[in-house]
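**Student:** Listed below are the residues making up each chain.
Protein chains: 2
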Amino acid sequence: MLKKRKLGRGVAVVGAGMSRFGMFKDMDSKDLFVEAFREMLLSVDKGVDPNEIEALYLGNFSNDFFMHQAHWAPIISDLIGVTPKPATRTEGACASSALSFREGVFAIASGFYDMVLVGGVEEMSKCSTAEVAEGLALATVPYEGKVGFTFPGVFGVIGTSYFAKYGASREHLMNVTIKSHNNAPLNPKAQIPYSVRDLMNAKIERIKQKGRPLPQWKDEKDFLRDPSANPVVAWPMNLYDCCPISDGASCMLLVAEDIAKNFTDKPLYVAGIGQGSGRGFHAAKSLTSFEATINAAEEAYGMSGLKPEDIQFAEVHDCFSIAEIIHTEDLGFFKPGEGYKAVEEGLTRLDGPKPINTSGGLKSKGHPVGATGTSQLFEVWKQLRNEAGKRQVPNKNLRFGAAHNLGGTGGTCTFTILERR
Amino acid sequence: MLKKRKLGRGVAVVGAGMSRFGMFKDMDSKDLFVEAFREMLLSVDKGVDPNEIEALYLGNFSNDFFMHQAHWAPIISDLIGVTPKPATRTEGACASSALSFREGVFAIASGFYDMVLVGGVEEMSKCSTAEVAEGLALATVPYEGKVGFTFPGVFGVIGTSYFAKYGASREHLMNVTIKSHNNAPLNPKAQIPYSVRDLMNAKIERIKQKGRPLPQWKDEKDFLRDPSANPVVAWPMNLYDCCPISDGASCMLLVAEDIAKNFTDKPLYVAGIGQGSGRGFHAAKSLTSFEATINAAEEAYGMSGLKPEDIQFAEVHDCFSIAEIIHTEDLGFFKPGEGYKAVEEGLTRLDGPKPINTSGGLKSKGHPVGATGTSQLFEVWKQLRNEAGKRQVPNKNLRFGAAHNLGGTGGTCTFTILERR
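Top to bottom, those sequences are chains A and B. 38 is the number of the first residue of the first sequence in this note's numbering; add one for each residue after it. 38 is the number of the first residue of the second sequence in this note's numbering; add one for each residue after it.
Hints may contain errors.
What the hints assert, rightly or not - Derived SDA-like pairs: lysine to any residue, alpha-carbon spacing no greater than 25 Å straight-line:
id : chain 1 : residue 1 : chain 2 : residue 2
1  : B       : Lys378    : B       : Asn219
2  : B       : Lys40     : A       : Asp86
3  : A       : Lys67     : B       : Glu76
4  : A       : Lys391    : A       : Pro431
5  : B       : Lys43     : A       : Glu346
6  : B       : Lys163    : B       : Met60
7  : A       : Lys163    : B       : Gly47
8  : B       : Lys41     : A       : Gly204
9  : A       : Lys322    : B       : Gly118
10 : A       : Lys41     : A       : Pro431
11 : B       : Lys378    : B       : Ser206
12 : B       : Lys183    : A       : His105
13 : A       : Lys372    : A       : Lys163
14 : B       : Lys40     : A       : Glu294
15 : A       : Lys322    : B       : Lys40
16 : A       : Lys298    : B       : Ser206
17 : B       : Lys62     : B       : Glu208
18 : B       : Lys372    : B       : Lys391
19 : B       : Lys83     : B       : Glu328
20 : A       : Lys67     : B       : Glu171
21 : B       : Lys83     : B       : Gly426
22 : B       : Lys344    : A       : Lys41
23 : B       : Lys67     : A       : Gly185
24 : A       : Lys183    : A       : Lys41
25 : B       : Lys202    : B       : Gly426
26 : A       : Lys183    : B       : Lys163
For the record, the hints were derived by calculation from the structure and aren't laboratory data.
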């Protein structure tokens with residue numbers, strides 16, 4: 038079934054940067070993108086003259102809504118000196134910057150450009166939580182958001198469907214949360230750099246200071262089971278199943294494969310790119326699978342000639358805990374209905390055979406939606422180049438890593454495979 | 038100075054469609070896109086199976102704001118049967134769908150796809166005029182819109198600057214309005230299919246019916262000079278210098294050049310694509326030139342090997358009358374300061390040596406911002422294939438036509454040259 042797609046010219050990544058992720062009162066989208074851009078420039082081992090950048094692709098979901106400012110690509114291009122060269126914004130909800138990466142790949146593979154900057158930015162924390170929920174609902178299909186079916190509700194329904202079909206429970210979701218939060222303290226840019234145990238102990242400390250009766254939490258799961266610590270948002274999605282509201286930016290420098298070694302001895306190569314679209318749950322064939330993810334995986338595997346077992350680690354879009362489980366099945370890493378068991382067995386831990394979300398994932402690294410796609414690829418860049426520090430995957434023979442980015446309630450999905458040769 | 042850019046594989050246009058443009062109470066973005074899509078399918082001379090479409094690129098400026106719904110690409114892809122294949126939204130303000138065309142070209146030229154649908158849509162008329170002004174201001178740079186410097190104001194300043202520098206006056210702007218409105222009645226899809234004389238006579242008729250004193254307008258210019266008929270919006274931009282608020286959609290079917298003849302004996306070929314970005318007037322080198330347009334023109338001429346004099350007719354972004362004059366200079370059709378004289382001399386009329394905006398232009402065809410870029414290329418398609426009916430350019434040897442699309446107050450610009458061989 039896989040159509041073997043090819044690019045006319047190979048594309049390589051020679052630099053990458055990301056800002057810290059968090060809620061920043063004193064930094065706006067421009068500040069955050071500059072932070073990411075500076076790191077990208079410094080990451081190019083043999084140096085690069087930013088004047089050589091020929092075009093910019095910028096992912097942004099809806100600073101239109103969040104910041105009352107659209108048309109961000111030329112604003113950012115002016116800021117970093119790309120003006121008057123082309124600057125294009127891509128939007129695919131939470132997958133917006135994975136789309137910018139892909140368009141950058143096409144622009145170089147077409148032969149038109151040799152060097153393109155791709156990235157994304159989003160600034161959400163200056164809105165109230167209610168406003169963010171309203172803003173994100175713009176990304177759902179019209180039959181969802183407008184009837185009040187916002188993100189936690191959609192993923193709650195997905196969760197209950199998955200539970201009913203495969204016999205999983207909230208206990209299994211907690212494994213995802215605990216695993217991701219174990220990685221986050223190892224990532225200096227994570228928004229919530231704390232393990233669940235850290236968070237539990239901090240909560241106990243606060244209760245102690247207030248002189249209230251101490252909770253009897255035996256372990257992290259006991260903490261997560263307690264609605265006073267982990268309240269229901271939209272059952273079975275509790276607070277710790279949901280990613281936070283974030284600001285941030287990320288970017289990568291792409292060049293034609295044949296000039297990559299001019300910039301670094303350790304370029305990464307674009308082995309596979311895939312994308313898909315989905316139709317919303319009113320018309321979906323399944324509530325426990327994303328057709329957009331499946332199409333994206335088919336395209337990327339088809340181009341690369343790789344199989345799921347060849348992907349040694351991946352960033353997977355965990356906007357909600359249940360999303361990570363389902364996507365790891367849709368991507369073929371685990372069989373349908375077995376994703377939750379894989380987490381339980383520790384297969385997706387940093388030191389497991391298939392590490393997932395070594396960065397901490399959207400859950401604890403943060404999810405400034407338009408910046409997330411290229412920030413996931415930033416993690417793949419760090420891991421494949423053996424520069425991930427304390428969260429470096431132990432496997433010494435890393436060659437293929439991937440990032441999976443979802444937009445909306447399944448409307449847009451990408452899957453991107455990078456290779457170290 | 039022109040860098041000779043090349044695409045690794047040629048790209049052809051084999052179908053095109055657009056909805057009527059106007060203010061539609063009973064049609065939404067989905068209805069309008071389907072209208073354009075149906076016409077596109079019927080325009081493919083040898084027929085096409087829509088299942089062969091491999092990806093969609095959709096330009097939309099801010100249905101986020103206008104319709105409180107973002108993430109339109111998967112909504113439209115679902116509607117026309119492209120789901121679960123990739124669907125990507127591009128945004129460059131009023132140039133959003135020219136960007137979708139360009140990304141479609143790159144996706145095919147890269148070798149990854151053979152057939153891609155590109156287009157755009159916008160739904161604005163369900164907002165009040167004040168809301169539209171607020172929405173469009175999202176496309177200005179932060180230093181403009183947020184201080185109340187909205188579109189008519191920006192182009193008003195450009196107009197006064199041009200007048201001061203070159204000695205032009207409002208009388209010259211009127212020539213642009215009269216010329217565009219003379220073409221619109223020949224375009225069955227135009228939002229305002231009336232000449233200025235038609236509009237003047239209709240106004241006289243209404244005054245007569247009310248029994249009020251009849252105005253003494255000798256000709257169209259006398260009508261346009263009268264502030265009771267043509268009130269000031271932001272001097273020197275009067276009502277008839279400004280494009281209307283519109284709803285609409287447009288699309289084109291792109292295929293790899295080597296398979297184009299499977300679909301039609303009269304494909305058009307992408308001879309040149311160009312894009313540029315601009316930095317807003319607080320930092321612009323000139324108030325009477327758009328650096329984004331100049332960069333776009335350099336790219337497109339550089340790729341095509343063509344000169345401005347080779348372009349036999351063009352659609353040029355006339356959001357305001359002064360914009361058309363300046364862009365025709367930036368594109369090299371006329372020397373700086375001579376664009377207004379060219380209009381006065383009739384050079385840009387339908388039967389002149391360099392017809393501009395044969396469709397009626399944004400001014401009278403309408404400007405549903407996200408749909409405008411591919412609607413301009415739709416006009417080039419019609420003209421080059423000798424299918425433009427009553428507004429067909431008389432020159433029997435048409436070979437090169439072009440479309441110029443501007444986004445924001447100069448933030449994004451594209452220039453696209455199509456060829457009939």
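**Student:** Each of the hints needs a verdict: does it hold here or not?
**Tutor:** Evaluated hints:
1. B:Lys378 / B:Asn219: Since the Cα atoms of lysine 378 (chain B) and asparagine 219 (chain B) sit roughly 18 Å apart, the hinted pair holds (cutoff 25 Å).
2. B:Lys40 / A:Asp86: With Cα atoms ~18 Å apart, lysine 40 (chain B) and aspartate 86 (chain A) stay inside 25 Å; holds.
3. A:Lys67 / B:Glu76: violated, 42 Å
4. A:Lys391 / A:Pro431: Roughly 11 Å between the alpha carbons, so the hint for lysine 391 (chain A) and proline 431 (chain A) holds.
5. B:Lys43 / A:Glu346: violated, 38 Å
6. B:Lys163 / B:Met60: Within the cut-off at roughly 8 Å; holds.
7. A:Lys163 / B:Gly47: violated, 46 Å
8. B:Lys41 / A:Gly204: violated, 61 Å
9. A:Lys322 / B:Gly118: Answer holds: lysine 322 (chain A) to glycine 118 (chain B) is near 15 Å, not above 25 Å.
10. A:Lys41 / A:Pro431: violated, 32 Å
11. B:Lys378 / B:Ser206: holds, 11 Å
12. B:Lys183 / A:His105: holds, 9 Å
13. A:Lys372 / A:Lys163: violated, 41 Å
14. B:Lys40 / A:Glu294: holds, 20 Å
15. A:Lys322 / B:Lys40: violated, 49 Å
16. A:Lys298 / B:Ser206: The given pair, whose Cα atoms are some 57 Å apart, is violated under the 25 Å limit.
17. B:Lys62 / B:Glu208: Outside the cut-off at roughly 36 Å; violated.
18. B:Lys372 / B:Lys391: holds, 14 Å
19. B:Lys83 / B:Glu328: Given pair lysine 83 (chain B), glutamate 328 (chain B) is violated - Cα atoms ~41 Å apart, limit 25 Å.
20. A:Lys67 / B:Glu171: Answer holds: lysine 67 (chain A) to glutamate 171 (chain B) is near 22 Å, not above 25 Å.
21. B:Lys83 / B:Gly426: Distance of about 21 Å is within 25 Å: holds.
22. B:Lys344 / A:Lys41: violated, 39 Å
23. B:Lys67 / A:Gly185: holds, 21 Å
24. A:Lys183 / A:Lys41: With Cα atoms ~39 Å apart, lysine 183 (chain A) and lysine 41 (chain A) exceed 25 Å; violated.
25. B:Lys202 / B:Gly426: violated, 39 Å
26. A:Lys183 / B:Lys163: Measuring from Cα to Cα gives roughly 17 Å; hence the hint holds.
In the structure shown, a violation is registered for the earlier hints numbered 3, 5, 7, 8, 10, 13, 15, 16, 17, 19, 22, 24 and 25, in ascending order.
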